[in-house]
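Undergrad: Here are the chains, one letter per residue:
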Amino acid sequence: MTVIDAQGLVKRYRTGGQTLYALAGIDFALEPGEFVSIMGPSGSGKTTLLNILGLLDTPTEGTVLLEGQDVTGLGDSKRTSLRKQTIGFVFQHFYLLPTLTAVENVEVPLLLDSDPGVTKRARTLLERLGLGERLDHKPDELSGGQKQRVAIARSLINSPKVVLADEPTGNLDSETGRQILDEFRRIADEDDVAIVAVTHDDLVNEYVDRTVHLVDGTIGRERKNGG
Amino acid sequence: MAGRFFPAALMARRNLTRTKMRSLLASLGIVIGVVAIASLGMFGVALQYSFTQNLGDVGNQLTVYPNSGENVTELTERDIRAIRREASATATVSPVMTRVEPVSYNRGDPVRETIYGVENPAELYEAQEGRVSPFRTGALVGSSVADEHDLHPGSQITVNGTNVRVQAVLEEGEPFSSTNPDNRVIMSTNSFSQRGYSEVYVIESTGTAANETAMGIRESLNEREERVFVQELGSIVDTIEQQFQIINTVLAGIASISLLVAGISILNVMLMSTVERREEIGVLRAVGYQKRDVLKVMLMEATLLGVLGGIAGVVLSIGAGLAINHYAVGDAMAVFRLPNAWYVGAAFTFGVLTSIVSGLYPAWKAASEEPVDALRG
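Going down the list, the protein sequences come from chains A and B.
Numbering (the UniProt record's numbering) for the first sequence: 1 to 227.
Numbering (the UniProt record's numbering) for the second sequence: 1 to 377.
So that you can see chain A by itself, here it is in the shape it has in the complex (with noise of 0.2 Å):
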């Protein structure tokens, strides 16, 4: 079943006099394991739009379906509550609680909820992460791409459908980029997660399954990897 399905989406803005458009009629979908990059200069839209699937944002104009189900014109906290179901956030300055140790970092999105099984699912996601000897350190004692798996083990502690990461390699070096980009390449492949990741990185293309460039709010060529 597409995990997200967004038809003819509008983003408008009025500043002053004016209207601006951040999206200017998208259609977007995604399938379950799908790699998915957006790129685009500065102020096309992707971060917008990246919202909007993120339900972070709603569309002026438009639709999205998430696994099927109407979305579009729910109020903030039944948007919260999907977003806690089934959606996993990276970002491109981490955003780690600096006060929290590693597990702690990864567990907060399921803090609230005291339950018992998510310290050790934490453990788990970093140890396949490759953070098995950092567990219990502060973010402060950890390199950026270790603080990336952080990251990246905190979107998925709610075993989410889709993951989206804005700028996920931004500040990272190209090494450590591309190990970033092998672990989301084999979440993708092994749990049948969803990866949407907004770019400026050509790298990241290398990785992913298509590729969406957006110009001006619309989607511009879309190129297809490997067939």
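Keep in mind that a hint or two might mislead.
[Said to hold, decoys possible] Cross-link-like lysine-lysine pairs, in silico, PhoX-like; alpha carbons within 20 Å at most:
#1 B:K296 <-> A:K78
#2 B:K296 <-> B:K365
#3 A:K78 <-> B:K291
#4 A:K120 <-> A:K138
#5 B:K365 <-> B:K291
#6 A:K161 <-> A:K78
#7 B:K20 <-> A:K138
It is worth saying that the hints were derived from the structure and are not from the lab.
Got chain A sorted already, so can you dock chain B onto it with the hints?
TA: What follows is chain B alone, placed relative to chain A:
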């Protein structure tokens, strides 16, 4: 691990340790506020306590005076009988005459003094030296008079030219009682030529009985005209206690200004913290924290600051209370009396409440930020 059961508390605690100095200073405000309220409250209680200690057991005493405003200059035997009727069977009713005479002690120059005539002084007083009864011809002197003029049983004083032998020096009386004999010279009523009395003491067994008797006396003697004026020491004590209550409230009010300042400092700290952690809070919202979850975490921080400051404040207050009670009442352990517990408890509660209230606005501000805006950087 407490963090397992109170995950919001875990996050809040860690957040506070991030800026230790700032958190410490913020809760120091609460500490000062709690100590101020509690110790001023306890100071008031100690004052009141030492006052009532001095006041002693006077709540059960009445004094009946003739009302000179209505041209009643003395109380008659009939009045005394009426008072005895109103007083309960166990009460002591002691009518007193007064006259002013030149008195000289130790053959010095005569001074005009009030001589008190009491029929049966044994029912009011006990002797420090000598014997109070039987009482016919001599004089009884209060302890202050005796000290001043070096009088002892057997000493001679001269009253209006007649030598009178001092029969006893009386025990010190209660400082605020109208029967207090310390500055008095008392002689038998036989030595008085007049018949009327200038005051009547009624001593009941309880304050309530004294109050009822006072009402009864007013009713029967003041029926047609305001013949007498009844002074109840109990009601004076009540008035004074009310005054103390007002003083205490004012003191606590002044002290709570320091809590207000503490609250503003917590508000400030929390606002700074929400600005600094804007993205972190945005991430929390993105990964599925509801607004109320963010609110909970932030309020937990404010609560922890308050509880921390409150506990430190209570400990310091008890220390201050020990000192206050040591110096004011002479018994440091008096700090563990109920009214003090009330003040300390109230100070702690106000401290914590102030923190929570101060945390409300920053917490609400943090919770209502759109995650999209927070994460835009």
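Undergrad: Now tell me, hint by hint, if it's right for this structure.
TA: Verification of the supplied hints:
{"no.": "1", "hint": "B:K296 <-> A:K78", "in the structure": "holds, 18 Å"}
{"no.": "2", "hint": "B:K296 <-> B:K365", "in the structure": "holds, 12 Å"}
{"no.": "3", "hint": "A:K78 <-> B:K291", "in the structure": "holds, 11 Å"}
{"no.": "4", "hint": "A:K120 <-> A:K138", "in the structure": "holds, 18 Å"}
{"no.": "5", "hint": "B:K365 <-> B:K291", "in the structure": "holds, 10 Å"}
{"no.": "6", "hint": "A:K161 <-> A:K78", "in the structure": "holds, 17 Å"}
{"no.": "7", "hint": "B:K20 <-> A:K138", "in the structure": "holds, 17 Å"}
Comparing the model with each earlier hint shows no violations; every hint is respected.
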